[in-house]
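Residue numbers (my numbering), protein chains in the order written: chain A, 1 to 166; chain B, 1001 to 1189.
Treat the hints with care, since some could be wrong.
Cross-link-like lysine-lysine pairs, in silico, DSS-like; alpha carbons within 27 angstroms at most [said to hold, decoys possible]:
id: 1; chain 1: A; residue 1: Lys52; chain 2: A; residue 2: Lys115
id: 2; chain 1: A; residue 1: Lys81; chain 2: B; residue 2: Lys1158
id: 3; chain 1: B; residue 1: Lys1111; chain 2: A; residue 2: Lys109
id: 4; chain 1: A; residue 1: Lys74; chain 2: B; residue 2: Lys1157
id: 5; chain 1: A; residue 1: Lys52; chain 2: B; residue 2: Lys1149
id: 6; chain 1: B; residue 1: Lys1158; chain 2: A; residue 2: Lys86
id: 7; chain 1: B; residue 1: Lys1111; chain 2: A; residue 2: Lys39
id: 8; chain 1: B; residue 1: Lys1149; chain 2: A; residue 2: Lys160
In case anyone wonders, no lab produced these hints; they're calculated from the structure.
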Amino acid sequence: MEREEVINFSTEDPENVNIPESLAPIAWEFFETLTYRMKKIEAVSLITECLKTLAVLNSLRPDFLHNQRRLEEKVFPLLQKLIDSKRRNEDLYSLADIRLLTEATDLLKAFVTYKERPVKEDFKGLMNRTLSTITEELKRNQEHYEKQISGELVKSLLEKIEQLTS
Amino acid sequence: MENFSSSGHLKKVTIHSALISFLVDINEAKTVAELISVHSSNIIQNITQKIGHLSLIRNKNSPFRMLVAFLEMALPQDFVRFVPSFVRSLNKFTDQYYLEDTTGSIEVALKLYLRTSEFLRQTIEADEKLVLDTLKTSNLLRQMLMRIKPFILSSDKKMSFYSIQILRSTFPVLASTLICDIIAANVIF
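Same shape as in the complex, but just chain B:
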């Protein structure tokens, strides 16, 4: 919140400090992946801030585009560790959008949920442990699905389309949790 001016734009000082930190890292000859890794926390925070101020942002799609660009360059572990807090923030804003009914905001939230659940599905296929270790202490997917459920029956086809896709991409992750629990149960008993 404090990083935004009254017009909703990021304050110059925030951009400057991020830029200086970025230039220092470039000087230390870090690779792109390393740079993204070091700055992943800032990037996620920036996306979250934008979601929280969607009504003030002219290009409502920008948080989604930022997330897509970030995931294209980042390593899975650079996002997976932030997924719980990211989804919690997204839930919080989605709950506000239900009440405020800001045009286009719910759609952006659905796209972000979809990209996040797709990310988890793809990551779990490659590294099951990485995702499960992060998610096992959280009822994250259920909280996410609870929010998208009404939109499956939405008269807006796009919203319905996104919601069904979100549901579908969570299935493999939920199934993996089950496999893990069965293994754990067999070991204990």
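Just chain A, with the same shape it has in the complex:
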């Protein structure tokens, strides 16, 4: 009888594929790949896609990005790197950059407002300083951004940053 059970084993049987935590192992498996993809700062639209993916993950399992300080230590430094490189080269933000920053601000807001896991003050300070760099740049060249990019998009981003940093 036991022998027969072994022979009839199938990976498609419910008891053999009933993974109790389906999203968590997938998130573990793909997180490093996503952050590696985000290191290529020239592919701005792909970084935005990665951020959108992390935002969906965060909405479903907010603990994931808090655990092991994943957002603080793996995701946020990549954003800082992008913003610093723009500032250093005195590059203006493109439309893709503004979209990326909007997505990043939304993710940061969802992250810091998760009540179960309060964010440490040192990260809040760092985040506020980085976001104020963006605000300064947008205000310094406000006319250009409103005319060349989109007044509405820029205004919305400034409002989001203000809400997050206040």
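Following the hints, complete the assembly by docking chain B onto the known chain A.
Using the frame of chain A, we list chain B on its own:
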């Protein structure tokens, strides 16, 4: 395979029999949704056959366009029951394309994975039970994700873009499975 001629086109006899069956159904005054429902198996089979013969097909995008058109008209249950076999076929062909490296084939496969995972995400929002009942006995999404993972880091931006989107659209489905399992665990223990 047997429905294709040596040039890769569907044999006339297959088209004729499908057409006759279709005309009989029209005669019986079926609605479009009913017609699609009755013929869904044939349509999916036709799409799968085209994927298997991509190298012979001039318009490589045609299986994707067929799937999009089908999903626009079909009811969710007309596709969801075929998802496991459809994805298994797609996996099989994708594995071949890895080896053969036929230009454009992997991209078509990624687009089909994306449309399928988007379909599951949209359907699960409307009818969670319908999707979970179909998928709970299968490690389907993991098998799909295992294949798209290398393309996230692809230098081809389009491939990377599709792969990230596929991953994102599977999250709600994976999360729903978890919710279901937690409920089941609480009931049992």
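Structure-based check of all given hints:
no.	hint	verdict
1	A:Lys52 with A:Lys115	holds, 21 angstroms
2	A:Lys81 with B:Lys1158	holds, 24 angstroms
3	B:Lys1111 with A:Lys109	violated, 32 angstroms
4	A:Lys74 with B:Lys1157	holds, 22 angstroms
5	A:Lys52 with B:Lys1149	holds, 17 angstroms
6	B:Lys1158 with A:Lys86	holds, 25 angstroms
7	B:Lys1111 with A:Lys39	holds, 25 angstroms
8	B:Lys1149 with A:Lys160	violated, 33 angstroms
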